[in-house]
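Chain E is fixed; fit chain H onto it per the hints.
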Amino acid sequence: QKEVEQNSGPLSVPEGAIASLNCTYSDRGSQSFFWYRQYSGKSPELIMSIYSNGDKEDGRFTAQLNKASQYVSLLIRDSQPSDSATYLCAVNRRGSYIPTFGRGTSLIVHP
Amino acid sequence: GAGVSQSPSNKVTEKGKDVELRCDPISGHTALYWYRQRLGQGLEFLIYFQGNSAPDKSGLPSDRFSAERTGESVSTLTIQRTQQEDSAVYLCASSGRTGDIQYFGAGTRLSVL
Numbered sequence: 001q002k003e004v005e006q007n008s009g010p011l012s013v014p015e016g017a018i019a020s021l022n023c024t025y026s027d028r029g030s031q032s033f034f035w036y037r038q039y040s041g042k043s044p045e046l047i048m049s050i051y052s053n054g055d056k057e058d059g060r061f062t063a064q065l066n067k068a069s070q071y072v073s074l075l076i077r078d079s080q081p082s083d084s085a086t087y088l089c090a091v092n093r094r095g096s097y098i099p100t101f102g103r104g105t106s107l108i109v110h111p
Numbered sequence: 112g113a114g115v116s117q118s119p120s121n122k123v124t125e126k127g128k129d130v131e132l133r134c135d136p137i138s139g140h141t142a143l144y145w146y147r148q149r150l151g152q153g154l155e156f157l158i159y160f161q162g163n164s165a166p167d168k169s170g171l172p173s174d175r176f177s178a179e180r181t182g183e184s185v186s187t188l189t190i191q192r193t194q195q196e197d198s199a200v201y202l203c204a205s206s207g208r209t210g211d212i213q214y215f216g217a218g219t220r221l222s223v224l
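From first to last, the protein sequence lines stand for chains E and H. Quick note: the first sequence, position 68, residue 68 per my numbering, numbers continuous. Position in the second sequence counted from 1, then plus 111, gives you my numbering.
Hints in this document: simulated from the structure, not taken from any laboratory. In this text the structure is predicted, and so the values were computed from the model without any measurement. It is possible that some hints are incorrect.
Said to hold, decoys possible - Partial chain H-side listing against chain E, Cβ under 10 Å, derived:
{"hint": "1", "residue": "V115"}
{"hint": "2", "residue": "Q117"}
{"hint": "3", "residue": "A142"}
{"hint": "4", "residue": "Y144"}
{"hint": "5", "residue": "Y146"}
{"hint": "6", "residue": "G170"}
{"hint": "7", "residue": "Q194"}
{"hint": "8", "residue": "V200"}
{"hint": "9", "residue": "G210"}
{"hint": "10", "residue": "D211"}
{"hint": "11", "residue": "Q213"}
Said to hold, decoys possible - Pair by pair, the computed Cβ-Cβ distance ranges are:
{"hint": "12", "chain 1": "H", "residue 1": "R149", "chain 2": "E", "residue 2": "L11", "range": "21 to 31 Å"}
{"hint": "13", "chain 1": "H", "residue 1": "E155", "chain 2": "E", "residue 2": "L11", "range": "17 to 27 Å"}
{"hint": "14", "chain 1": "E", "residue 1": "P81", "chain 2": "H", "residue 2": "Q195", "range": "28 to 38 Å"}
{"hint": "15", "chain 1": "H", "residue 1": "E125", "chain 2": "E", "residue 2": "A68", "range": "30 to 40 Å"}
{"hint": "16", "chain 1": "E", "residue 1": "K42", "chain 2": "H", "residue 2": "K126", "range": "22 to 32 Å"}
{"hint": "17", "chain 1": "E", "residue 1": "G95", "chain 2": "H", "residue 2": "R175", "range": "24 to 34 Å"}
Cβ atoms here follow ideal geometry from the backbone N, Cα and C, with glycine treated the same way.
Next up, chain H with everything else stripped away, as it sits in the complex:
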C-alpha cells in the first residue's frame, strides 16, 4: 500500500480482555515504531523494530504489553488483561532509514470499559 495501515481503527473492549493491534508498514521500510498517545498528551514511545535485529522494548510500560514483527512485514501489538489506563490511541510509524523521517498510520483508538 501507499501508506502505513493500521487495524482496527477503533477497538472497544472490556477490562481484563486481551487485544491485538495490527500495523502494516510502507513496503521496504525496515524500521517500525509503536507509540501510545493518551488524550491531550504527547507521543509515548513503546517499541522499535529494525529489520531482523532484536527489538528495543524499552518503552513498554508493563509485561502486559508485547509486540512482534517478522522481518520487515506486519507487526502486531498485544495488550493482555487490559486496564482502563490502557485507553489511548496507538500509533504505528515506519521509516526507510533508522532515525529518519517517520510515516504514521491513522492509529487505533482503544477504549477499555
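So that you can see chain E by itself, here it is in the shape it has in the complex:
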C-alpha cells in the first residue's frame, strides 16, 4: 500500500460544477495535510493546508479532513477552465520532516 494515494484521473468536470479530489493516507499519526496545484510545465503551488478534522474553506476551495477514515479531500466549487491542472496531496507523517506526496490527480474543466 502506498503511503499517500490519489486517483490519477483525469477527472473531467463541466465549467461551474463542483470538482471533488480525494486522497488517502496510511499513517494514522499523520499531522499535516496539504493540497498543491501544478499547472503543466510549472512548479507546484500551495492551495490549502489543513491540520485538524473538519472543513476549511478558502474562497472556492474547501479542504476536508477525516483522520478516523484517513482521507483528505479538496472541493472546488464553480470550477473554471483555469482550474485545469494536476492537484498533489502531501501528508506529513508524525516524526517526519519530509512530506510524502501523492502522484497527483489531473483535473480537466471543460467549457
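Structure of chain H alone, referenced to chain E:
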C-alpha cells in the same frame, strides 16, 4: 528575493558530463528540499537540509548525486557523469518550518543527450 530562485532554468548537457544546479531559498527559511520530477510523474524526494544539521540524503538515487548547503543560504545539487535517465525537472523548495508549507522554485529542466 520574494520567492525561491533556481538556476539555470534549462540545462542541456552531454552524457557523462557533470552539472551543477543552484537553489536560492526564501530568506529566513531554514528547511530546503530537492525533488526530481520526471515527465508525467510525481515528485521524487532527493535530499533535505535543515539549518546546520546533517542533511537527510536518503532520497539520492546514486553516489553520482550530491548536494551542499551552507547554513541557511544557497544550495547546489551536483550530478556527476550524467546519464540519460537523469533527464527531468529538478525542483527546489524551502519552508519556514520543518514539515510545513513548502514554496517551490520554478525548477531546472535538465536534458541529457
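Hint-by-hint comparison with the structure:
no. : hint                         : in the structure
1   : V115                         : 9 Å, holds
2   : Q117                         : 9 Å, holds
3   : A142                         : 7 Å, holds
4   : Y144                         : 7 Å, holds
5   : Y146                         : 8 Å, holds
6   : G170                         : 8 Å, holds
7   : Q194                         : 23 Å, violated
8   : V200                         : 8 Å, holds
9   : G210                         : 4 Å, holds
10  : D211                         : 7 Å, holds
11  : Q213                         : 7 Å, holds
12  : H:R149 <-> E:L11: 21 to 31 Å : 22 Å, holds
13  : H:E155 <-> E:L11: 17 to 27 Å : 23 Å, holds
14  : E:P81 <-> H:Q195: 28 to 38 Å : 36 Å, holds
15  : H:E125 <-> E:A68: 30 to 40 Å : 54 Å, violated
16  : E:K42 <-> H:K126: 22 to 32 Å : 28 Å, holds
17  : E:G95 <-> H:R175: 24 to 34 Å : 30 Å, holds
The structure is inconsistent with the numbered hints 7, 15, although it conforms to all the rest.
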